[in-house]
Amino acid sequence: MVENHGDAVLIRAACGGDHDAAAALFRRHWQPAWRVAYGMTGRRALADDIAADAFERAFAALNRFDRRRPFAPWLHRIVVNRALDLLRAERRLVGGEPGPEPAAGLELDGGDLELLEAVRSLPLQRRAVIILRYGVGMAPTEIARVLDVPIGTVNSRLARALEQLRGDYEVSDAERT
Amino acid sequence: MPSGPESRLRELLAQLPTATKAVEDRALAAALAALPPAGARRRRPLRTAFLVAAGVVLLLAVSAGALAAAGALHVSLGGSERSARQPAPIVPRLIVPRGARGIAAVVDGRLWFTSRSGLRIEGLPVESAALSPHALYVAAGIGDSLVVMAPNGTRAWSHPAGGRVVGIAWAPSGLRIAYVVQTTSGGVQLRTIEGDGDHDRVLDAAVRPVPPSWRADALAVAYVGAGGHPVVYDFGRRAHHVVAGDRLGETTRITFAPQGRALAIGSAGRLWISGVGRVPARGGDFSPDSIAGLAWIGDEIAVGLNGPSKRAAVQLVGLAKNGATVRGKRLDVSGEITALDARGGRVVLALRRHGLPTRLVASTAPDRPARTVLLDVGAGSTVGELAVR
Chain U
1 MVENHGDAVL
11 IRAACGGDHD
21 AAAALFRRHW
31 QPAWRVAYGM
41 TGRRALADDI
51 AADAFERAFA
61 ALNRFDRRRP
71 FAPWLHRIVV
81 NRALDLLRAE
91 RRLVGGEPGP
101 EPAAGLELDG
111 GDLELLEAVR
121 SLPLQRRAVI
131 ILRYGVGMAP
141 TEIARVLDVP
151 IGTVNSRLAR
161 ALEQLRGDYE
171 VSDAERT
Chain W
1 MPSGPESRLR
11 ELLAQLPTAT
21 KAVEDRALAA
31 ALAALPPAGA
41 RRRRPLRTAF
51 LVAAGVVLLL
61 AVSAGALAAA
71 GALHVSLGGS
81 ERSARQPAPI
91 VPRLIVPRGA
101 RGIAAVVDGR
111 LWFTSRSGLR
121 IEGLPVESAA
131 LSPHALYVAA
141 GIGDSLVVMA
151 PNGTRAWSHP
161 AGGRVVGIAW
171 APSGLRIAYV
181 VQTTSGGVQL
191 RTIEGDGDHD
201 RVLDAAVRPV
211 PPSWRADALA
221 VAYVGAGGHP
231 VVYDFGRRAH
241 HVVAGDRLGE
251 TTRITFAPQG
261 RALAIGSAGR
271 LWISGVGRVP
281 ARGGDFSPDS
291 IAGLAWIGDE
301 IAVGLNGPSK
311 RAAVQLVGLA
321 KNGATVRGKR
331 LDVSGEITAL
341 DARGGRVVLA
351 LRRHGLPTRL
361 VASTAPDRPA
371 RTVLLDVGAG
381 STVGELAVR
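Chains as they are written, first to last, in our numbering: chain U, 1 to 177; chain W, 1 to 389.
Pulled out of the complex, with its shape left as it was, chain U reads as follows (with noise of 0.2 angstroms):
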């Protein structure tokens, strides 16, 4: 069973031609992957694309791929600077970024339906190691890797994104009592 590998044992696989090891490995990562997208952008068809089109990229990229490092960062890294560029174009163009769409299937309640909404009005490199993070799981230093910052960047845009969070939160907190 290819399930049962490791990254390095599907990617190895993948590059000789078996597409079933290429396919557990999509499998493997596609979530994560795709909900880094969402995370980011808070649009479905924006995720779909983003998530699809770094699983293009990272596949062809496959042969170049160094099998001693961990797969997971490095296709994170290339889904996060996809959703930043898109995000960064679409401000540019339209001198904002378009409110998400309702966050369809989530049976949230008042105060965590704000914090959402905290996270996706949070600077986009801030959002990004929350989402890494919180999200994901990434510990700071594999966000680091991810964004290609130092350790010290991610820890700052973590506490600062926190701050703001909480702000956030406790303002909308006390509007409500």
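No lab work stands behind these hints, which were simulated from the structure alone. As the structure is a computational prediction, the values presented were derived from the model and not from experiment. Take these hints with a grain of salt, some might be off.
As the list claims (entries may be wrong) - Ranges between beta-carbon positions, derived for each pair:
{"no.": "1", "chain 1": "U", "residue 1": "Arg67", "chain 2": "W", "residue 2": "Arg10", "range": "29 to 39 angstroms"}
{"no.": "2", "chain 1": "U", "residue 1": "Gly17", "chain 2": "W", "residue 2": "Pro308", "range": "29 to 39 angstroms"}
{"no.": "3", "chain 1": "W", "residue 1": "Val242", "chain 2": "U", "residue 2": "Arg64", "range": "50 to 60 angstroms"}
{"no.": "4", "chain 1": "W", "residue 1": "Gly118", "chain 2": "U", "residue 2": "His19", "range": "21 to 31 angstroms"}
{"no.": "5", "chain 1": "U", "residue 1": "Glu163", "chain 2": "W", "residue 2": "Val202", "range": "54 to 64 angstroms"}
We put the beta carbon where it would ideally sit given N, CA and C, even for glycine.
Following the hints, put chain W in place on chain U, whose structure we already have.
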């Protein structure tokens, strides 16, 4: 956040939705198609083996030539007479017609493209597609994005269009792309974007979903306005100009001449030419035939016509000095024309044939029957768009 912001965020983000199965399947297929060929890193040993094999073949050929000269061996080149008489074989891969650099066809919502630079795309789901002036790049509407693919097959850039891109035209200068978007809110817009994916802007917020066309100097673009009339937007004057007014009826296709300012405008059964001489617009009536495609071929226009009793033809139409249309040769074809383009003195046709594969064919000259088969696809398939550069 009063308590445990990190754990609260973890719980919240864990509830985010997931991608649908259909999206996952499409992405998997695209990712597998993007995999590099097996053993791509082992090029040198293969090259050595190839050179050795080529040397052996050369030696055998020299020996065979010597034997043939001595009368001991019969050598023939090319196909036998028997194979020449057999029916034309199915052509499963798209071929670039002579005199062209590349060709793209959208068949049942899937893109087929091949170019002399080596880029080949087969069956990519798209809404619409267009080629750059030298057929190096392909612009396609994919999902809600306008995507441009580079000569090496990768995406050069992708731009969120805010809806389905239903018509694309690349300016002859290569510097700008005009595209028509059916927005998610239900409107249809004409937009332009720079060739590098920057500076997207709306030219007209209410148009018809018909592919636009650029003037040869790339300073004007023609499109079909919301009222069904042809409209020309002049970038120099920053002005919209409605052509032909109410006389034409519902415009279904428009195409600027490859040189000059002449604009061919087609409705269901009528052809109008604008921008020639001092007359405003002149035309010809082909009804009851319906116009299935328009393409400039030098100074003439090739008009694809489908008749009421399943007769189809390509009618060549010339222009008099005063702009009036002059009918030239008419070439009957078997099947229904669904798309038509021209390049390098050749007309390329998409023919849907009853019970037979849908076929792309090219003529050897404007006034000769189309004989070169460029592609065969499944019977009943429809070629919605065709572009030859």
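Exercise. Could one say that the CB atoms of W:Val242 and U:Arg64 fall in the range 50 to 60 angstroms?
Worked result: Distance hint for W:Val242, U:Arg64 holds at roughly 54 angstroms.
For this session: Indicate whether the distance between the beta carbons of W:Gly118 and U:His19 respects the range 21 to 31 angstroms.
Result: holds, 24 angstroms
For this session: Note whether the CB distance of U:Gly17 and W:Pro308 lies within 29 to 39 angstroms or breaks it.
Result: Violated: the Cβ-Cβ distance is about 53 angstroms, outside 29 to 39 angstroms.
For this session: Could you see if the CB distance from U:Arg67 to W:Arg10 stays within 29 to 39 angstroms?
Result: holds, 30 angstroms
Exercise. Quick one: are U:Glu163 and W:Val202 within 54 to 64 angstroms, going by C-beta?
Worked result: At 39 angstroms between Cβs, range violated.
Of the numbered hints given earlier, the model fails hints 2, 5; all others are met.
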